[in-house]
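> Listed here are the chains, written in short residue letters.
Protein chains: 2
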Amino acid sequence: MAQAETTDRTYIHGYKASHIQHHASRTAESHAAYLLPHLMNMAESHPQIDLLDVGAGPGTISASLAKYIPEGTVTATDISDEVLERALSHARECGQNNVKTKFADVYSLPFDDSSFDIVHASQVLIHLNEPHRAVKEMLRVCKTGGIIAIRDADLKAWSVHPELPGLRSFQQAIGQVTSCMNAGSKLVAWAMEAGVKREDITYSVGSFCYSTPEERKMWGGAMRERLRDGGMREKLLQDGKWKKEQIEDMERAWDQWIVTEDATFGSLNGEIVIKVK
Amino acid sequence: MAQAETTDRTYIHGYKASHIQHHASRTAESHAAYLLPHLMNMAESHPQIDLLDVGAGPGTISASLAKYIPEGTVTATDISDEVLERALSHARECGQNNVKTKFADVYSLPFDDSSFDIVHASQVLIHLNEPHRAVKEMLRVCKTGGIIAIRDADLKAWSVHPELPGLRSFQQAIGQVTSCMNAGSKLVAWAMEAGVKREDITYSVGSFCYSTPEERKMWGGAMRERLRDGGMREKLLQDGKWKKEQIEDMERAWDQWIVTEDATFGSLNGEIVIKVK
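Heads up: the sequence lines are chains A and B, in that order. Under the UniProt record's numbering, think of the first position of the first sequence as 1, with each following residue one higher. Under the UniProt record's numbering, think of the first position of the second sequence as 1, with each following residue one higher.
With the rest of the complex left out, here is chain A:
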């Protein structure tokens, strides 16, 4: 594929196992529940659904969506061959032979116009400098009568106990390594900027949370690893807004959160479903 004239061809956090351990726990049920009724409704009359999963990462949501459309196909894309290989392996391990992968830049998808019945993107727009351009491109490759489903976090809407200063700093810091900290609240605006009419957009919010000892170890551990080793640490130090000592404070805060018996974490995500006309 030709190098596109875009600026967002990197994923800051990187694709190390330590970083994507949380991503790998994502399923269609936990992270794309808002899409499932639409998907199942469409599959009833048209089981051979072509679904594009943009920025699929390790592909656990892709494989999970593929279960719902055994006669259809899921095309998982990302901007790393390494993570796409992992996505394909994961699908095969789940017995989902209806998943294929393709290296693709969301701003110039290597697909013809009107190629897909459903286009899905989870936590992708939050990392883009021009999210409305990505929506336009998703609209281009989606068939008339199809749907586009987009979900992104609002990182301003974290619910955390206990309120350790290091965790509030981390919240700011992780916002800094996205393009828009509260992407979840702006999805309707971005879709309208891409030319979609308000009445063709359904907005909803979804949430997830962690609080049991196992969940705290998984989530707190994944967040701490981002600080210890990976693109987020580099970016924070590079930007000069955070000092090494402050990053160490954040790491210690996650360590403390993990062992705090009454600790909780909740995250709010915006979701839109666009009817393509």
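Misleading hints may appear alongside valid ones.
[Stated by the list, open to error] Here are the simulated distance ranges between beta carbons:
#	chain 1	residue 1	chain 2	residue 2	range
1	B	Asp112	A	Glu261	30 to 38 Å
2	B	Lys275	A	Asn97	36 to 44 Å
3	B	Pro110	A	Glu245	50 to 58 Å
4	B	Ala33	A	Val259	28 to 36 Å
5	B	Ser179	A	Glu71	53 to 61 Å
6	B	Asp112	A	Glu245	54 to 62 Å
7	B	Pro213	A	Gln246	39 to 47 Å
8	B	Gln172	A	Asn97	51 to 59 Å
[Unchecked claim] Footprint (simulated), chain B over chain A, 3 or more residues, beta carbon under 8 Å:
#	stretch
9	121 to 131
10	159 to 167
11	184 to 196
12	201 to 211
[As the list claims (entries may be wrong)] Some residues of chain B that are not near chain A, with every Cβ distance over 12 Å (derived):
#	residue
13	Gly14
14	Leu139
15	Phe208
16	Thr212
17	Leu237
18	Leu268
19	Lys277
To be clear, the hints were calculated from the coordinates, so they are not data collected in a lab. Note that the Cβ used here is the ideal one computed from N, Cα and C, for glycine as well.
Once you've looked at the hints, dock chain B against the given chain A.
Chain B only, in chain A's frame:
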């Protein structure tokens, strides 16, 4: 009932129709979905469930819960005879004759020990100075083998677009008229403070959102009315932290939010289910 030795015997917002118009849109499905599987599971083996709904306000969730247990009874309590009358009328209008009401202070519930199978409280602890004492009292009136279900907002976890300064001020201001702005994140902590073991608590988060023209008019209108007329306005002016002009700014911000076509609002709520042993 004797006057209890408590300090939380008022509900700042008051019970005017303009204030509770949002409360009246609440149902079991929209605001107590986390409780429904437990309720239905219990009703299968024991249909005559006695459910206590503490701080039920206009009783729309109470009436909605009562639908699920036609052979059971819902007792709705609050600290205003006026709002309890409304709750009873609402239940009757819905054809739910299995709802009764009782004036009751959550710190000294006028019921014997082990009276109820399920004790439910929605957006109650957020207004209390000693939430763990309320949990203790709810535990007292709940039978062994029963469950307690509590849900409260985390007002720090608002997701709002557009980000008008007046709306962020309002978020601070409404936090100020609660006892704990991020109650939702602290429910596990409060239950443990009341003596419950961590392994007997299930934590989840639920969310709701508004974005369509009708929803914006309803939600934005309800928030604006709190500022124009009611206990919140009085409290804000009394506390001296906010000036009349700032409150007017907040009102204008809601007016603007209502007419903004791509506006969204999302709210995160903490939820716990306690198994009473």
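> Between aspartate 112 of chain B and glutamate 261 of chain A, does the beta-carbon spacing fit 30 to 38 Å?
holds, 32 Å
> Non-interface claim for glycine 14 of chain B: all C-beta distances to chain A beyond 12 Å?
Glycine 14 of chain B is indeed farther than 12 Å from all Cβ atoms of chain A, at 27 Å.
> Quick check on a hinted range of 28 to 36 Å for alanine 33 of chain B and valine 259 of chain A, using CB atoms only.
With a Cβ separation near 31 Å, alanine 33 of chain B and valine 259 of chain A satisfy 28 to 36 Å, so the hint holds.
> Is it the case that threonine 212 of chain B keeps its Cβ farther than 12 Å from each residue Cβ in chain A?
Its Cβ does come within 12 Å of chain A, the nearest being 8 Å, so this is violated.
> Under 8 Å between beta-carbons, do enough residues of the stretch 121 to 131 of chain A, three at least, approach chain B for the coverage claim to hold?
violated (count 0)
> Is it the case that leucine 268 of chain B keeps its Cβ farther than 12 Å from each residue Cβ in chain A?
violated, 5 Å
> Confirm or reject the statement that phenylalanine 208 of chain B sits farther than 12 Å, beta carbon to beta carbon, from all of chain A.
The claim is violated: phenylalanine 208 of chain B sits with its nearest Cβ about 7 Å from chain A, within 12 Å.
> Taking the Cβ atom of aspartate 112 of chain B and the Cβ atom of glutamate 245 of chain A, is their distance within the range 54 to 62 Å?
holds, 57 Å
> Can you tell me whether the CB distance of serine 179 of chain B to glutamate 71 of chain A sits inside 53 to 61 Å?
holds, 55 Å
> Under a C-beta cut-off of less than 8 Å, do 3 or more residues of the stretch 184 to 196 of chain A approach chain B closely enough to confirm the stated coverage?
Held - the stretch 184 to 196 of chain A has 7 residues with a Cβ nearer than 8 Å to chain B, which meets the minimum of three.
> At least three residues with a C-beta closer than 8 Å to a C-beta of chain B: is that true for the stretch 201 to 211 of chain A?
holds (count 8)
> Taking 50 to 58 Å as the stated bounds, is the beta-carbon spacing between proline 110 of chain B and glutamate 245 of chain A within them?
For proline 110 of chain B and glutamate 245 of chain A the Cβ distance comes to about 56 Å; the hint holds.
The structure fails to meet hints 9, 15, 16, 18 from the earlier list, while all remaining hints are met.
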